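*Asks:* The lines below spell out each chain.
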Amino acid sequence: MPAPSKPKTRWHIAVFLAPAVLVYTAVMIYPLFNTLRLALYAEVDQQRIWVGLQNFQTLFGDAIWSEQFWNALGNNAWFFLIHMLVQNPIGIALAALLSSPRLRFSAFYRSAIFIPTILSFVIVGFAWKLILSPIWGIAPGMLDAIGLKFLYQPWLGKEEYALTTLSLVSVWQYVGIPMMLIYAALLSIPDEILEAGECDGITGMSAFWKIKLPLILPSIGIISVLTFVANFNAFDLIYAAQGALAGPDFSTDILGTFMYRTFFGFQLQLGDPHMGSAIASAMFGIILIGVCTYLFGIQRRLRNYQF
Amino acid sequence: MHKNTFKGLFLATTLLGASAATAQQAELTIESWRNDDLAIWQDKIIPAFEAQHPDISVRFTPSAPAEYNAVLNSKLDAGSAGDIITCRPFDASLALFEAGRLADLSDLEGMSNFSDVAKSGWSTDDGSATYCVPMASVIHGFIYNKDAFEEVGVAVPQTEEEFFAVLEAFKEDGNYIPMAMGTNDQWEAATMGYNNIGPNYWKGEEGRMALIAGEQKLTDEGWVAPFRQLAKWGAYLGDGFEAQTYPDSQNIFTLGRAAIYPAGSWEISGFNALADFEMGAFHPPVQNAGDTCYISDHTDIGIGMNAATENPEAAMTFLNWVASSEFSNIFANSLPGFFPLSKADVALEDPLAQEFISWRGKCESSIRSTYQILSRGTPNLENETWNASVAVIKGDESPEDAAQRLQDGLALWYTPQQ
Numbered sequence: 001m002p003a004p005s006k007p008k009t010r011w012h013i014a015v016f017l018a019p020a021v022l023v024y025t026a027v028m029i030y031p032l033f034n035t036l037r038l039a040l041y042a043e044v045d046q047q048r049i050w051v052g053l054q055n056f057q058t059l060f061g062d063a064i065w066s067e068q069f070w071n072a073l074g075n076n077a078w079f080f081l082i083h084m085l086v087q088n089p090i091g092i093a094l095a096a097l098l099s100s101p102r103l104r105f106s107a108f109y110r111s112a113i114f115i116p117t118i119l120s121f122v123i124v125g126f127a128w129k130l131i132l133s134p135i136w137g138i139a140p141g142m143l144d145a146i147g148l149k150f151l152y153q154p155w156l157g158k159e160e161y162a163l164t165t166l167s168l169v170s171v172w173q174y175v176g177i178p179m180m181l182i183y184a185a186l187l188s189i190p191d192e193i194l195e196a197g198e199c200d201g202i203t204g205m206s207a208f209w210k211i212k213l214p215l216i217l218p219s220i221g222i223i224s225v226l227t228f229v230a231n232f233n234a235f236d237l238i239y240a241a242q243g244a245l246a247g248p249d250f251s252t253d254i255l256g257t258f259m260y261r262t263f264f265g266f267q268l269q270l271g272d273p274h275m276g277s278a279i280a281s282a283m284f285g286i287i288l289i290g291v292c293t294y295l296f297g298i299q300r301r302l303r304n305y306q307f
Numbered sequence: 308m309h310k311n312t313f314k315g316l317f318l319a320t321t322l323l324g325a326s327a328a329t330a331q332q333a334e335l336t337i338e339s340w341r342n343d344d345l346a347i348w349q350d351k352i353i354p355a356f357e358a359q360h361p362d363i364s365v366r367f368t369p370s371a372p373a374e375y376n377a378v379l380n381s382k383l384d385a386g387s388a389g390d391i392i393t394c395r396p397f398d399a400s401l402a403l404f405e406a407g408r409l410a411d412l413s414d415l416e417g418m419s420n421f422s423d424v425a426k427s428g429w430s431t432d433d434g435s436a437t438y439c440v441p442m443a444s445v446i447h448g449f450i451y452n453k454d455a456f457e458e459v460g461v462a463v464p465q466t467e468e469e470f471f472a473v474l475e476a477f478k479e480d481g482n483y484i485p486m487a488m489g490t491n492d493q494w495e496a497a498t499m500g501y502n503n504i505g506p507n508y509w510k511g512e513e514g515r516m517a518l519i520a521g522e523q524k525l526t527d528e529g530w531v532a533p534f535r536q537l538a539k540w541g542a543y544l545g546d547g548f549e550a551q552t553y554p555d556s557q558n559i560f561t562l563g564r565a566a567i568y569p570a571g572s573w574e575i576s577g578f579n580a581l582a583d584f585e586m587g588a589f590h591p592p593v594q595n596a597g598d599t600c601y602i603s604d605h606t607d608i609g610i611g612m613n614a615a616t617e618n619p620e621a622a623m624t625f626l627n628w629v630a631s632s633e634f635s636n637i638f639a640n641s642l643p644g645f646f647p648l649s650k651a652d653v654a655l656e657d658p659l660a661q662e663f664i665s666w667r668g669k670c671e672s673s674i675r676s677t678y679q680i681l682s683r684g685t686p687n688l689e690n691e692t693w694n695a696s697v698a699v700i701k702g703d704e705s706p707e708d709a710a711q712r713l714q715d716g717l718a719l720w721y722t723p724q725q
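Those protein sequences? They're chains S and G, same order as listed. Counted from 1, the first sequence has number 23 at position 23 by our numbering; the numbering is strictly sequential. Numbers in our numbering are just positions in the second sequence, counted from 1, shifted up by 307.
There may be inaccurate statements among the hints.
Stated by the list, open to error - One side only, chain G facing chain S, incomplete, derived with CB under 7 Å:
id : residue
1  : 376
2  : 377
3  : 380
4  : 402
5  : 406
6  : 491
7  : 550
8  : 686
9  : 690
Unchecked claim - Below, simulated DSSO-like cross-link-like pairs (lysine-lysine); rule was C-alpha separation at most 30 Å, straight line:
id : chain 1 : residue 1 : chain 2 : residue 2
10 : G       : 669       : G       : 524
11 : S       : 149       : G       : 539
12 : G       : 382       : G       : 351
13 : G       : 351       : G       : 650
14 : G       : 539       : S       : 158
15 : G       : 539       : G       : 524
16 : G       : 478       : G       : 539
17 : G       : 478       : G       : 453
18 : G       : 539       : G       : 453
19 : G       : 478       : S       : 158
20 : G       : 478       : S       : 149
21 : G       : 669       : G       : 539
As the list claims (entries may be wrong) - A few chain S positions that, by computed beta-carbon distances, are all more than 10 Å from chain G:
id : residue
22 : 19
23 : 102
24 : 120
25 : 146
26 : 198
27 : 215
28 : 224
29 : 301
These are computed hints drawn from the structure, not numbers from a lab. Since the model is a prediction, treat every value here as computed from it, not as a measurement. Glycine included, every Cβ here is placed at the ideal spot set by N, Cα and C.
Given only the sequences and the hints, what does the whole structure look like? Please build it.
*Replies:* The structure is reproduced here in structure tokens:
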């Protein structure tokens, strides 16, 4: 006879979780660990041999590899910096404007600004490539119309501008995301708090700086982490606009394109899955460090501040 | 009925000998990077083959050119690749052969239709095994707008000096961009630039073989001089050429906005369909009048068999047919600008293609310098040459520095150059 006190096994939990767990394991967890494992091997004469951390030594130590790696990482950092300095402040400003009760057609603006985020990066990449093209693009003509033609440059073709241009295109595409998140956060601020502030004479801009902004700081933190992860995983826009060689002269090369070229090979260069995995592992490490820094360094302090 | 099918297949696959064949309908799938050619394969080549071999059906399934190697390698690893594999020349295919992915075709009957040079793109270094049937080569040169030349009153240049005089004349005239090429996609600068004009300086095969043997260096005059010429091109490429893509250049030329287009012969069929002015072609100008001219006549496409195919007999039948003069004729005339490599005589109907192929008679042929053996290591000489050619055209790097950088990179891994 079974003991009456034994709790009933709740099979339904396992059953309902199983599909998600299995799919997630198959397409995320297993490939992740297999990539980390692949990075520890090399192929010599068609044989896969164990080399330990030698691939990483090559990646960071060998002049040819490390030069490309640091170039890509530096470009990633610049890409991220532009998003942090341009995309997120603009997103917050737009959200603040949209949440103003006096703004008319706010639903229209909200949709218009959000629409690019649902477009395919291929469309965005090619559309901007065409807009900025010195031959067919409308950019030279539009600048000419307002007498600023002298400012025009083949932005995507010059080493000094290409990465910044693409970062700004990416900002244009994704500014809707921080806008929507901040907008939601702003709407969730209780009116009582704002009204209490008004009684104390805090209105308009100072109400934003002194009441709303501190209350949406956790959302800004989340947005920063999302931006960080997305930017260090970026690949699509650069690939669509500049190809796998991330031209001109690797000035737009980021870890994603570097990994793609190495892993799959490009033109006459044959793919090297092991070095490619080493780069992918390095990317994973960088993102892990970034996210951990946020979780343990910043979010904890935000919570302390909040409560 | 069953017996007839069996007999037909038996006759067609002479290679089979007495081995038992299954008399079922075999289906072959072709992997290729030539997605531009889909219509020609479906409308002309495959029907011609299937008419003779009703028991074999063929499907042509191309992928995007730049991703082809990556896609193909992944498919081969996964065991899902097609039966017939279109082969890029040299190392990419050699690596597949050495990994056992491509079948050895040395004994294929049709192979006798090709010269050793034609087979070089798809043979092992010592030439002992050939694993793809050579399909076509492409020739480099310059395509020009005949109307524009008449309008500005310049003649086809024979020497380098005349070439720059023509470019200068167009620049002064101002109605045409002298030369349509951009550096955005990078490969044009090396393929249509460096490797197009280069053979005249490094004397074609002579220089190329010497480089492979380690007797010449990339810093020798013959290898730096083409960069010196490229450095002068920048001034004639039109505004914003830094961001001009390959399709941009094609459009600029076919819309009649540019006078000269540094070309590969593969452009011919596309240009014929788009340009409404008369086009001509000239080979890379030589340094002094009367010098021997050299052209890049590059073995570009081969076709081989997936070693893991389930239909080896049908695949062999197909490859033998590709090696025949019937295929060469259909292919060359449907795709003017892809010149067959077989010894069989092929009559070309397209005048522009005829002009290109006529250079084989008066100039020395060579293949692209960076393709055989020299792009095996890291850094990859071909990809580095793209980068260096662009840097030189834009004026970011001097010809000497670019050559030195390529030499240093090559010496890192290629023993004969150390």
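*Asks:* With 7 Å as the cut and Cβ atoms as the points, is residue 402 of chain G at the interface with chain S?
*Replies:* Result: holds, 6 Å to nearest chain S Cβ.
*Asks:* Hint validation: residue 377 of chain G versus chain S, beta carbon distance must be below 7 Å. Holds or violated?
*Replies:* It holds, given that the least Cβ distance between residue 377 of chain G and chain S is near 3 Å, below 7 Å.
*Asks:* How about residue 686 of chain G: closest beta carbon in chain S under 7 Å, or not?
*Replies:* holds (6 Å)
*Asks:* If you take the shortest Cβ to Cβ gap from residue 491 of chain G to chain S, is it below 7 Å?
*Replies:* holds (6 Å)
*Asks:* Tell me if the straight-line CA distance from residue 478 of chain G to residue 453 of chain G falls inside 30 Å.
*Replies:* Holds - the C-alpha atoms of residue 453 of chain G and residue 478 of chain G are around 16 Å apart, at most 30 Å.
*Asks:* For the restraint on residue 690 of chain G, tell me whether the closest CB of chain S is nearer than 7 Å.
*Replies:* Interface hint status for residue 690 of chain G: holds (6 Å vs cutoff 7 Å).
*Asks:* For the pair we were handed, residue 351 of chain G and residue 650 of chain G, check the Cα-Cα distance against 30 Å.
*Replies:* holds (22 Å)
*Asks:* Does the claim that residue 215 of chain S lies off the interface hold, with its Cβ farther than 10 Å from every Cβ of chain G?
*Replies:* holds (45 Å)
*Asks:* With the threshold set at 30 Å, check whether the alpha-carbon distance from residue 539 of chain G to residue 453 of chain G stays at or below it.
*Replies:* holds (23 Å)
*Asks:* Quick one, are residue 382 of chain G and residue 351 of chain G close enough, alpha carbons at most 30 Å?
*Replies:* holds (27 Å)
*Asks:* Beyond 10 Å from every Cβ of chain G: is that where the Cβ of residue 146 of chain S lies?
*Replies:* Per Cβ check, residue 146 of chain S is outside 10 Å of chain G; nearest 19 Å; holds.
*Asks:* A closest beta-carbon separation below 7 Å is what the hint needs, so does residue 380 of chain G meet it against chain S?
*Replies:* Nearest chain S Cβ about 6 Å off; hint holds.
Figure legend: structure checked against the earlier numbered hints; every hint is met.
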